[in-house]
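Asks: Chains as they are written, first to last, in the numbering used here: chain X, 1 to 322; chain Z, 323 to 644; chain E, 645 to 966; chain H, 967 to 1288.
In case anyone wonders, no lab produced these hints; they're calculated from the structure.
Even glycine gets a Cβ: it sits at the ideal position worked out from N, Cα and C.
Some hints could be false.
Residues from chain X shown here face chain Z by an in silico Cβ test under 7 Å; the list is partial [what the hints assert, rightly or not]:
1) T66
2) A150
3) I154
4) G251
5) G256
6) G257
There are 4 protein chains.
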Amino acid sequence: MERIAIVTSGGDAPGMNACIRAVVRHGSAHDLQVFGVCRGYQGMIEGEIIPLGVRDVGNIIQRGGTILRSARCTAFREPEGREQAAARLRTAGIDGLVVCGGNGSMQAALQLSAHWDGGIVGVPASIDNDLSGTDTTIGFDTAVNTALEAIDRIRDTAESQQRAFLVEVMGRKSGAIAVSVALAGGAVGVLAPGLPQDLDALVSFLHSARAARRASNIIIVAEGDEAGGAFEVARALEAHMAMPIRVTVLGHIQRGGAPTAASRILGTRFGAAAVDTLRDGDGGVMVGIRGTEIVRVPLSEAVVEPPCVDAALARLIVGLAG
Amino acid sequence: MERIAIVTSGGDAPGMNACIRAVVRHGSAHDLQVFGVCRGYQGMIEGEIIPLGVRDVGNIIQRGGTILRSARCTAFREPEGREQAAARLRTAGIDGLVVCGGNGSMQAALQLSAHWDGGIVGVPASIDNDLSGTDTTIGFDTAVNTALEAIDRIRDTAESQQRAFLVEVMGRKSGAIAVSVALAGGAVGVLAPGLPQDLDALVSFLHSARAARRASNIIIVAEGDEAGGAFEVARALEAHMAMPIRVTVLGHIQRGGAPTAASRILGTRFGAAAVDTLRDGDGGVMVGIRGTEIVRVPLSEAVVEPPCVDAALARLIVGLAG
Amino acid sequence: MERIAIVTSGGDAPGMNACIRAVVRHGSAHDLQVFGVCRGYQGMIEGEIIPLGVRDVGNIIQRGGTILRSARCTAFREPEGREQAAARLRTAGIDGLVVCGGNGSMQAALQLSAHWDGGIVGVPASIDNDLSGTDTTIGFDTAVNTALEAIDRIRDTAESQQRAFLVEVMGRKSGAIAVSVALAGGAVGVLAPGLPQDLDALVSFLHSARAARRASNIIIVAEGDEAGGAFEVARALEAHMAMPIRVTVLGHIQRGGAPTAASRILGTRFGAAAVDTLRDGDGGVMVGIRGTEIVRVPLSEAVVEPPCVDAALARLIVGLAG
Amino acid sequence: MERIAIVTSGGDAPGMNACIRAVVRHGSAHDLQVFGVCRGYQGMIEGEIIPLGVRDVGNIIQRGGTILRSARCTAFREPEGREQAAARLRTAGIDGLVVCGGNGSMQAALQLSAHWDGGIVGVPASIDNDLSGTDTTIGFDTAVNTALEAIDRIRDTAESQQRAFLVEVMGRKSGAIAVSVALAGGAVGVLAPGLPQDLDALVSFLHSARAARRASNIIIVAEGDEAGGAFEVARALEAHMAMPIRVTVLGHIQRGGAPTAASRILGTRFGAAAVDTLRDGDGGVMVGIRGTEIVRVPLSEAVVEPPCVDAALARLIVGLAG
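Let the hints inform the model, and build the full structure from the sequences given.
Replies: Take a look at the structure:
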C-alpha cells in the first residue's frame, strides 16, 4: 500500500472533515501518499483526484460540510460509469480507497469492487444513522443536536402561546433522528417509520392536555413517515380537534454546522482506523463502533437496512409526556 | 402612581422576560406594587391579573418567550372587549400599564386609552422591528442571529453540494430581518417588501455564478415578499434555469431561544424607562432607543408603519456578492 | 415499593434534570409516589424531602443544573450523619432511593445502605466520567462540547496571532474530558493523569511548529494533571523556548448550560431504568450503559476507579498534530 | 485612487473578516486594486503585501479572527519602523490604506500619516469598544454575547450549588464589556474602571442574599478594574464574610468565535464606507456609527479615550439585583 485516496459521497455530514484530516495525517505518518477525490463518485469518474498534504487539512476539524465536496452521481449507477471510475483510480496509481458516506455510498463502494482491484474501506458518515454494524455514524449526533436546539426554541414560543407544534426532522427512511430528538426534546409524541401510527391516541392526548392547560405540546415527525410529512399529519390531527396545529419543517439546517465533539471524535477515530485497515490489507469492510471499540464489518453486512427504531424508546417518550 | 401592571401581547419576542423583570424590580424599588396580566389582552379581558414580587422574576432574564404568556385576542377588536378590559384594570386598582409588544399591540394600547384613565406606556417588543420612533425592538437582534446561525449551517451544505438555496425568514410586512440576515450571512440576493423585485438580475447572477463554479449561492426571501414565499420564487427561478433551487423556511425557530445580550439589555433598559415614564405621569407614549439614548415617542407616532428597508443596504448586499 | 425518592448529589451535571423528570414521570406512571430530596445528602440529613408531581418536572429537560439543587456534605462522612439521613428517609416512608451523582455520591450511597433498609439505585451523573461499569455518565458529553466550543473560539485568535495556548479543562482525577477535547479540538498535545508526561517532546514539537510557521498550537491540560495546572506547565514550557505561552482556565463554564442530546437521552433512559430496577427489587446497583444497552452494575464495582485514559487515543492526538 | 490596502492590527476582533471582504469586493466593484497587509504593522514593515481578489474573500464572513492575521509590533513605535512601513507602501504603489483595529491601531495610523502621503481611513474594530466618535466597534457585540453565554452556564451551577461567583471579563482599560454583560446577565454587581468601588455595599448585599437564601449571586469584574483582578476582589470579599467566592476568568474565549450579526453587519458597512471615504479623497478619518447612520470622525478625535462607562447603567444593575 503506497497511495491511498479518500472520497466523500452522498449527503454531506458534519465530521467528514475530521475524517479527511485523520486519513491524510495518519496516512502520511505511515509514509503513505494521500489523495482526495473531489465531488464524490462524479469527481472520481471525471478524474478529479488531487494530492493532500498534512497542511492542506489544517484548521478544518471544526468545519461542517466536506472540503472535498460531494455530489449525487447518476452515472455511477451504470457499469460504464463504475468502469470509468476504476480506470481513473488505476491511472492515478491508487492502491487503497476510503469511502466516507452513508448507505448509498457503501452500496456504491461494493459495486466498485467488481471493477477495481484496490482495497476499499468504508467509513459510515450520514446524518441518518442508516448503516448496520455500527452503533452510530459520523454526523448523526450533530444533526440530532441541531434539531434539538431548534426544538428548544420552538418550545419557548409554544409555551408562551400555548400551542401544539408538529416538527418535521430529517432521516430519509430512518426514524433515528426523530426518536432521539423526541426523547431529548421532551416531545409528547413521535411519528416515524417502523413505529405504530396511533393518531387516535395522539388526538386524545392533545385533548386532555388542552383540558389540563398543558402549555406546550411538541410532536416530532420523521420526514419518511408513512403518515406523510408534517403538513399531512397536521391536517389529520386538525380534523379531529378544533385547535390549530403549527408545523415547522427543519430542513437542511440539520445537515450543516460545526460538528459536535462526538462527530469529530468519530470522524477522527474512523479515519485513522480506515488507514490501519488498508495497511492491514483488509479491504471490503466498513469500520464501525460498538460501545467504545472500533470494529470492522463486511461491506455486504453494513448495507443491510438497520432494524427499525427501538419501539421501547418510542413508548418511553409517550410514557414521559406527563 | 401606586399600582402598575405589565402585559405582554401579540407574538412573543426574546427579551420580553428581561423587560418583565425590570418593570417588577424597578417598580418595587420605587415602592410601586407591580402586577402581571397573563395571556395578553385576552387575559386582561378575563381578569387574569396576578401580583408579581421581586423573587417571581428571578432567573428568567435568560429565557426566551414570556412568563406571562401571550395570545392573539379577537375580542379586543370590539369596543365591548376593550371596555371589559378597562373594567378589569379598574377593579384591580391599576394606575399605570406597561404594554410590551409589536405594532398591533401598540395600536391596541392606543384604543384602550379611550376606555381607561390610567397611564399607558408602550415598550416595543417584536422580532419584526415594525415600529416607528425607535432604532430597534426587543427580540429583533435575537431573531436575526437565530436566522443567521441557520444560514451558516445551510452554507456548509450548500458549499459541499454546490447548490443554490432560497431561505425564507420571518418579518410579516417588514423586510428588516431579511435585509439584516442577508447582509450578515453573505447572501447573494434579498427579496423583501419595499425593495425592487429584479428576478432577471438574480437569474443572470446565478447563471454566471454557475459558470464560474461559485460554490454556494444563498438568497434570502422575506415571508411577506410580494413575489410570494420562497417556494413561489424558487419556481420562478427554476423556470429560467436548468438548476434545482433548494428551499428552506426557517419558521418559528426564529421566535424562541435565549435572548442575545442586545435583546436583554434593551428589555432591561426599556422596562426601567417605562416605569420611570409612568412615575413621571407621562402616559400615552412608547419608549424607544435612538443611538444609545432612551427616548419617548407618542403612541400615535410609534404605530406609523416605519419606512421600508434601506434600499442602499440592499444594493450593498448585491454589490458584495462577488 | 410505593414511595421512592431521588437525590442529586455532588457537583451538578447537565442532564440531571432529565433524570429527575424521568424518575418522577416513569414512577408516577407505575403508581409510585415520588419525592425529591433537596440539596443532596445535606438536605437528606435535614429532612428536606418534598413530593414531586408530574407537572413539577415540566419544561426542565432542557435546563442545566438540578432543580433539586446539590451540595457537598461533610456531615455525611460521619456515621451519625448517615444514621440521621436514614432516619429521615424512614420518617418520610421512603422505600426506594435513586442517587444521581458521581463517584463520591455512589460511595456515599454504598455507605448509606449500612444504615437503611430501602432499595438504593445509583445513576451515574458527573461531568468527569469517573465511574466503572458504564461507558459514560450524564453530563460528560455536555462538558466536552462546552469545552470544545471554547477551544474553537481560542483557535480563532490563536490562528490570527500565531500563538501557542495551554487550555486547562476540568475532570478532577480523570483525564477523560482532556482527551476527548484534545481529540475533537485538533490539539497538538494533551497532558492528563495516567498519560506519560513528555514535556521534552512537546517543546521540540513547538519549536518545529514555529519554524514551519504553523499557525495555532493548542495544548490541553487536565486540571488533575501531575505536572501541575496549566500555569505551571506554561512556565515549564517557556523555560525551554523564547516564546510566550498563553493560558486559559475554562473553569465552571464546563459545568452548566443546556444539556446536549446525549446527556438528556442518557438522563432520561437512566431515570426510567432506575425506577424499573427499584420496582424489580434489585437494589444496591448502579445503572449504566454499554454500547446502546442499559446495564446494572453492583455499586461496589461502580466505584472502582475506572482505568486511566486510553493511551492509544492520546498517541493518536499527537500523531495527527501535523 | 487606484490601489488600496487593508491591514488588521492589534488584538483580533470577530467581524474583521467581514470588513476585509467588504473592502475587497466594494473596492473591486469600483475598479480599485485591493491588497492585504499581513500580520499588522509588523507585516507592513516587512513588506508582506499581497493582492486580494473577489474570490479570496469568499466564505469568510462567518469566521472569527482575521485571515490577514494580526500582531502587536514594537518596531512601529520608533520613527524608523514607521518610515520603513511607509516605504513599503510606496514600493507597492498603494494610494489608500484602511486600518482596521482598536485604539492603539488608530494612534499608529495617525503616526503613520506623518511618514506617508496616501489616504488613511480607520475602521474601529476592537472587542473593548475603546474609541470615541462611534457608538460601538466591530467585535464588541460578539465578545459581550460570548461572555454572556459563559455567565448563563455559570448561573446554572451557581443556582444548583447556591454559590457566589466572581467572573472576570476582558476590556483592558474599558469597562464596556463588564457593564453590558452585567446588565444582560442579571448580575448583582459590577466592578469596572470609572465606577465607584463599593465593596462594602457588595458585602452587605451578599450577606442579605444569603440570609434570604437567594440562589445565585454573580458579580462581574472588568480585567482593568482598579480593585485588582477577580482573585484579589474575591479575597477582599471573603475577608468580610465566611463564605467562599468562586472565581472564573473568561480570558481569550471572548476574542474568538463566529461573529454575531451585529459584528458582521458593522464590519460590512464599515468596510464599504471606508472604501467610499478613500474614493472621496477624505483621508485622516475613522468611520463610525451613530444610531443607524455611518459617520466620519477625524482620527485625532477618535483616539481620545471615550467617557468612562455609564454610571446610570451601573446603578440600574444594582437596583435590579432583587
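Asks: Hint by hint, say whether it matches the structure.
Replies: Consistency of the hints with the structure:
no.	hint	verdict
1	T66	holds, 5 Å
2	A150	holds, 5 Å
3	I154	holds, 5 Å
4	G251	holds, 4 Å
5	G256	holds, 3 Å
6	G257	holds, 4 Å
Every hint from the earlier list agrees with this structure, and none is contradicted.
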